[in-house]
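From first to last, the protein sequence lines are chains A and B.
Numbering-wise, the first sequence is residues 1 to 342 according to this note's numbering.
Numbering-wise, the second sequence is residues 1 to 342 according to this note's numbering.
Incorrect hints may appear among the rest.
Said to hold, decoys possible - Reference excerpt, derived from the structure (chain A facing chain B, CB under 8 Å, subset only):
(1) Leu188
(2) Leu225
(3) Gly228
(4) Asn241
Unchecked claim - FRET-style restraints, in silico, Cβ to Cβ:
(5) B:Glu58 / A:Ala195: 44 to 50 Å
(6) B:Pro161 / A:Val339: 41 to 47 Å
(7) A:Arg76 / B:Arg98: 57 to 63 Å
(8) A:Ala182 / B:Arg45: 44 to 50 Å
(9) B:Ala300 / A:Gly124: 47 to 53 Å
(10) B:Ser227 / A:Ala199: 32 to 38 Å
(11) A:Gly191 / B:Arg327: 34 to 40 Å
In case anyone wonders, no lab produced these hints; they're calculated from the structure.
Where a beta carbon is used, it is the ideal one built from N, C-alpha and C, also for glycine.
2 protein chains.
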Amino acid sequence: MLAAMPAIAVDAMGGQHAPEAVVQGVADVSLHTGIECVLVGDSARIQSILDGVAYNPEHIDIVHAGEVIGIDEEPREAVRRKRDASLLAALRLVARGRCAALVTAGNAAAAVLAAREELTLLPGVRQVALASVYPRNVDHPGQDRLALLLDVGATVRCTPPELVQFGLMGAAYARVISKVEAPRVALLNMGHDPAQGGADLATAHRQLAEHADLHFVGNILGNELTSGRADVVLCEGVLGNIVLRLLESVGSMAVDLSVSTAQRNWRWRAGMAIMASGVDQLRALADYASYGGAPILGLAHLVIKAHRRSNALSIANAVKVAAKAVRDDAARAVAGAVVGAG
Amino acid sequence: MLAAMPAIAVDAMGGQHAPEAVVQGVADVSLHTGIECVLVGDSARIQSILDGVAYNPEHIDIVHAGEVIGIDEEPREAVRRKRDASLLAALRLVARGRCAALVTAGNAAAAVLAAREELTLLPGVRQVALASVYPRNVDHPGQDRLALLLDVGATVRCTPPELVQFGLMGAAYARVISKVEAPRVALLNMGHDPAQGGADLATAHRQLAEHADLHFVGNILGNELTSGRADVVLCEGVLGNIVLRLLESVGSMAVDLSVSTAQRNWRWRAGMAIMASGVDQLRALADYASYGGAPILGLAHLVIKAHRRSNALSIANAVKVAAKAVRDDAARAVAGAVVGAG
Numbered sequence: 001m002l003a004a005m006p007a008i009a010v011d012a013m014g015g016q017h018a019p020e021a022v023v024q025g026v027a028d029v030s031l032h033t034g035i036e037c038v039l040v041g042d043s044a045r046i047q048s049i050l051d052g053v054a055y056n057p058e059h060i061d062i063v064h065a066g067e068v069i070g071i072d073e074e075p076r077e078a079v080r081r082k083r084d085a086s087l088l089a090a091l092r093l094v095a096r097g098r099c100a101a102l103v104t105a106g107n108a109a110a111a112v113l114a115a116r117e118e119l120t121l122l123p124g125v126r127q128v129a130l131a132s133v134y135p136r137n138v139d140h141p142g143q144d145r146l147a148l149l150l151d152v153g154a155t156v157r158c159t160p161p162e163l164v165q166f167g168l169m170g171a172a173y174a175r176v177i178s179k180v181e182a183p184r185v186a187l188l189n190m191g192h193d194p195a196q197g198g199a200d201l202a203t204a205h206r207q208l209a210e211h212a213d214l215h216f217v218g219n220i221l222g223n224e225l226t227s228g229r230a231d232v233v234l235c236e237g238v239l240g241n242i243v244l245r246l247l248e249s250v251g252s253m254a255v256d257l258s259v260s261t262a263q264r265n266w267r268w269r270a271g272m273a274i275m276a277s278g279v280d281q282l283r284a285l286a287d288y289a290s291y292g293g294a295p296i297l298g299l300a301h302l303v304i305k306a307h308r309r310s311n312a313l314s315i316a317n318a319v320k321v322a323a324k325a326v327r328d329d330a331a332r333a334v335a336g337a338v339v340g341a342g
Numbered sequence: 001m002l003a004a005m006p007a008i009a010v011d012a013m014g015g016q017h018a019p020e021a022v023v024q025g026v027a028d029v030s031l032h033t034g035i036e037c038v039l040v041g042d043s044a045r046i047q048s049i050l051d052g053v054a055y056n057p058e059h060i061d062i063v064h065a066g067e068v069i070g071i072d073e074e075p076r077e078a079v080r081r082k083r084d085a086s087l088l089a090a091l092r093l094v095a096r097g098r099c100a101a102l103v104t105a106g107n108a109a110a111a112v113l114a115a116r117e118e119l120t121l122l123p124g125v126r127q128v129a130l131a132s133v134y135p136r137n138v139d140h141p142g143q144d145r146l147a148l149l150l151d152v153g154a155t156v157r158c159t160p161p162e163l164v165q166f167g168l169m170g171a172a173y174a175r176v177i178s179k180v181e182a183p184r185v186a187l188l189n190m191g192h193d194p195a196q197g198g199a200d201l202a203t204a205h206r207q208l209a210e211h212a213d214l215h216f217v218g219n220i221l222g223n224e225l226t227s228g229r230a231d232v233v234l235c236e237g238v239l240g241n242i243v244l245r246l247l248e249s250v251g252s253m254a255v256d257l258s259v260s261t262a263q264r265n266w267r268w269r270a271g272m273a274i275m276a277s278g279v280d281q282l283r284a285l286a287d288y289a290s291y292g293g294a295p296i297l298g299l300a301h302l303v304i305k306a307h308r309r310s311n312a313l314s315i316a317n318a319v320k321v322a323a324k325a326v327r328d329d330a331a332r333a334v335a336g337a338v339v340g341a342g
């Protein structure tokens, strides 16, 4: 087994297309990169899927876990009862240092709860944030085509200092992953006026603006989310979750236009082919399942959450994002951002 | 002057295309309906615009107001200082009974503040809600192609009883305007589990579910907003504002695809023409500026807020919505819904 870099633990049983898509994604990665993965889950099923595809056995290890937390299972009860779930077993590999990061496409709420239980919070951090990436327009050269949105559901309400922490951690992560020196941080709100949105958002605005380590660009409105105005967008979990799902569903409309082409008449097919470049902008919104996942921030270890609908390509991308984050020590950058602030 | 029905006061100076678009919209209405309008604003400018278009003078009155509240002006200060603003003058016509409703496409926050000042809150109502309509898919015959979303910015945070009031008022309004016997009311949240989204949303869910006068269908997620699942969607103002603007901007992408056709090559034009029916679903999202406006709910009088970007058609539609609401006594229905609940 090659071990130039610590391995990535992959929850083989997490996601709507698990374990098949997860195992295939990891198999692809094993052929085309030097990344070592540990697939955690039902070892017999994992091996049987591997036997049907091409893979490099030197890059893949399997660790058995006998239980699975379902994608729509009530998370608290599941994490409490299923101690041998693939998610928990994979997290323990990370906690013990056997692996450097976890990738899971499974139940997001369970991943947040289990990660808080099995891993250590960064010193000074009060709440973890679940981040997501989404495509937006790029308004200057070198800007990532993806923006980071957090929190999208790990929290319900956040205090202003918690939103500032999310900003520091999100910017540190974006700096490492997107190679942008000073990611532009914005606060999602109902107006540009710093006083808008109530006392908490106004206080968060002031604290973000005063923070020397942040490139804070002010409030961002709903209609600006798809612009290149910000690289890191901050909000409470309920709001982030609703915005993310809405972005995804509206993007899906554009995809529906194209995937159903086969069932439509020739006029439609001709139109679609000619229009292809035009709908790209919208289609990108729904394609983001393939963008490789985003971190749970606030923990001493890296956890990358891939989209629950991840296919093999999405899983491969998420594993590559995790490996990049490990190689460039995103965990240390994120920890340093918060410690520097505390 | 015909006066089969009380007149509609129209803020001639409100909106990005005011006063031209507003006056033209009212002129159109005067030719094709029996609705009487009172245009409030700079009387010389209003008359000069009217002189350039066709209109029926029997259906239009002008009331002069010497000041204008700008579309992006700080609302509190503007409402306090500009006592002769067209918005305030128009509201006073409603408060005094000269007009039965107000239509304005101007500064939304100023409209809410001024309406709270010049008009009376319904007994038992604690907060007014600014509603908006947006297009969504229809999943059964007779369902309105528009859903009502509230609050979209009059409030910041709402208590559970306030969200229940919004539900009662929104359903009463939708019942009158959409002619749906029992509008389906839903709570915007991050999951279907009634306990999700924090204590306030969980309590609101319980109170909505227990309310005998409401057809409550549970939580609605971000990705379900464009479905036909609910006719009235409830949320706090910051969230509603962000969702509304996001819906609008993503829809605008689809419109951009078509309005810029002239600048594109023939392939693009051909594709666009063939695709027309396919992009309708998305384009509808951005066209909603023309849907005629939505009410500020919680007041003893009718105030219809039209989109700030309203053109003449949008204004005409908003005036017709206001006239329909007056004719069918939406104000009484809304008041009765809350009193019945108190």
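Distance restraint evaluation - Arg76 (chain A), Arg98 (chain B), Cβ atoms, bounds 57 to 63 Å: Roughly 59 Å apart at Cβ, these two residues keep to the hinted range, so it holds.
Supplied distance hint 47 to 53 Å, evaluated on CB atoms of Ala300 (chain B) and Gly124 (chain A): holds, 52 Å
Verdict for Glu58 (chain B), Ala195 (chain A) (Cβ pair) under range 44 to 50 Å: holds, 47 Å
Satisfaction of the hinted span 32 to 38 Å by the C-beta atoms belonging to Ser227 (chain B) and Ala199 (chain A): The hinted range 32 to 38 Å holds for Ser227 (chain B) and Ala199 (chain A), with Cβ atoms some 34 Å apart.
Outcome for the supplied range 44 to 50 Å, where the beta carbon pair is Ala182 (chain A) and Arg45 (chain B): This hint holds: roughly 48 Å between Cβ atoms.
C-beta pair Gly191 (chain A), Arg327 (chain B): status relative to the range 34 to 40 Å that was hinted: Because 35 Å falls inside the window, the suggested range holds.
Hinted contact Leu188 (chain A) with chain B - closest CB pair below 8 Å: holds, 6 Å
Given hint Asn241 (chain A) near chain B, where the shortest CB pair must fall under 8 Å: holds, 4 Å
Interface hint for Gly228 (chain A), Cβ within 8 Å of any Cβ on chain B: This interface hint is violated because 13 Å lies over the 8 Å limit.
Chain B contact restraint for Leu225 (chain A) - C-beta distance below 8 Å: The hint holds - Leu225 (chain A) has a Cβ within 8 Å of chain B, the shortest such distance being about 6 Å.
Outcome of range test on Cβ distance (Pro161 (chain B), Val339 (chain A); 41 to 47 Å): Holds: the Cβ-Cβ distance is about 43 Å, inside 41 to 47 Å.
Going through the hint list in order, the structure does not satisfy hint 3, though it satisfies all others.
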